[in-house]
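K.L.:
Kindly generate the complete structure, drawing on both the sequences and the hints.
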Amino acid sequence: MSDVIPHSVKTESPAIAMDRRSFLRTGLGGALFLGTVSVTAGLSGCATAPAGRLDPMPEGMDQSYEFRFLTRDDIVLFEALLPAMVGPGLTEEPVVRRQQIQATIERIDAGIHQFGPANQKELRRLFDLLNFGLTRVTVARVWSSWENVSTESAHAFLERWRTSGIGLFNNGYIALTKVSNVAFYGHEDHWHLSGYPGPPRWAMDALPQFKDNA
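So the sequence shown is numbered by my numbering: it starts at 1355 and just counts up by one.
Simulated from the structure, these hints should not be mistaken for laboratory data.
Computed list of lysine to aspartate or glutamate pairs in DMTMM-like fashion (alpha-carbon distance at most 25 Å, straight line): (1) K1532 x E1433; (2) K1532 x E1446; (3) K1475 x E1460; (4) K1475 x D1427; (5) K1532 x E1460; (6) K1532 x E1513; (7) K1532 x D1543; (8) K1532 x E1506; (9) K1532 x E1542; (10) K1532 x E1501; (11) K1532 x D1427; (12) K1532 x E1420.
Pair by pair, the computed Cβ-Cβ distance ranges are: (13) S1504 x H1541: 21 to 27 Å; (14) A1472 x I1520: 20 to 26 Å; (15) H1541 x Q1417: 17 to 23 Å; (16) E1542 x S1418: 19 to 25 Å; (17) E1501 x E1447: 20 to 26 Å; (18) H1546 x G1406: 31 to 37 Å; (19) S1499 x P1404: 17 to 23 Å; (20) P1471 x P1448: 35 to 41 Å; (21) E1542 x Q1474: 22 to 28 Å.
Every residue, glycine too, gets a C-beta built ideally from N, C-alpha and C.
P.N.:
In structure tokens:
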């Protein structure tokens, strides 16, 4: 079992959509900064288009799934961050662990795809900030590319942003943990890890959607 403490926020009911009026609440200065980074990242050649259907599809991913928001760089980012954010919630068995991570990334993509344009725009800028090499080093203080970042280094990055005196970083931390925790702990296979017992029996008996998924 990993000894890295998971980064989590209060888990919401799986039925609640991940959308909110604003994830980052950056203020004018933060919005301008993120906007500049996002434009610069795009001009420098960072991936900006949704990943679509990955080919070849990594082990553990739904062969039919098509990404509609996350880029290939975003997928690598979450592959690095999820073990630090979810922590012991992930199994230690390598193949199943990989499947859990990839399935969670798919749910993150599906959830963000349903957000309103304002939150999608904020998250795109946040992900660009973390994926763009210059700002990954200077702002996130992550020296290696995300595919080479250890769980301990990812944990240290998240701690820096969680405890930072800069509101943009605090809110960036909250946004990352919120979308990740809802996508992971909001799935029925993981309800027991957060103490959520699942829908009550009367709901499963009364609502067709629960019957169909039982």
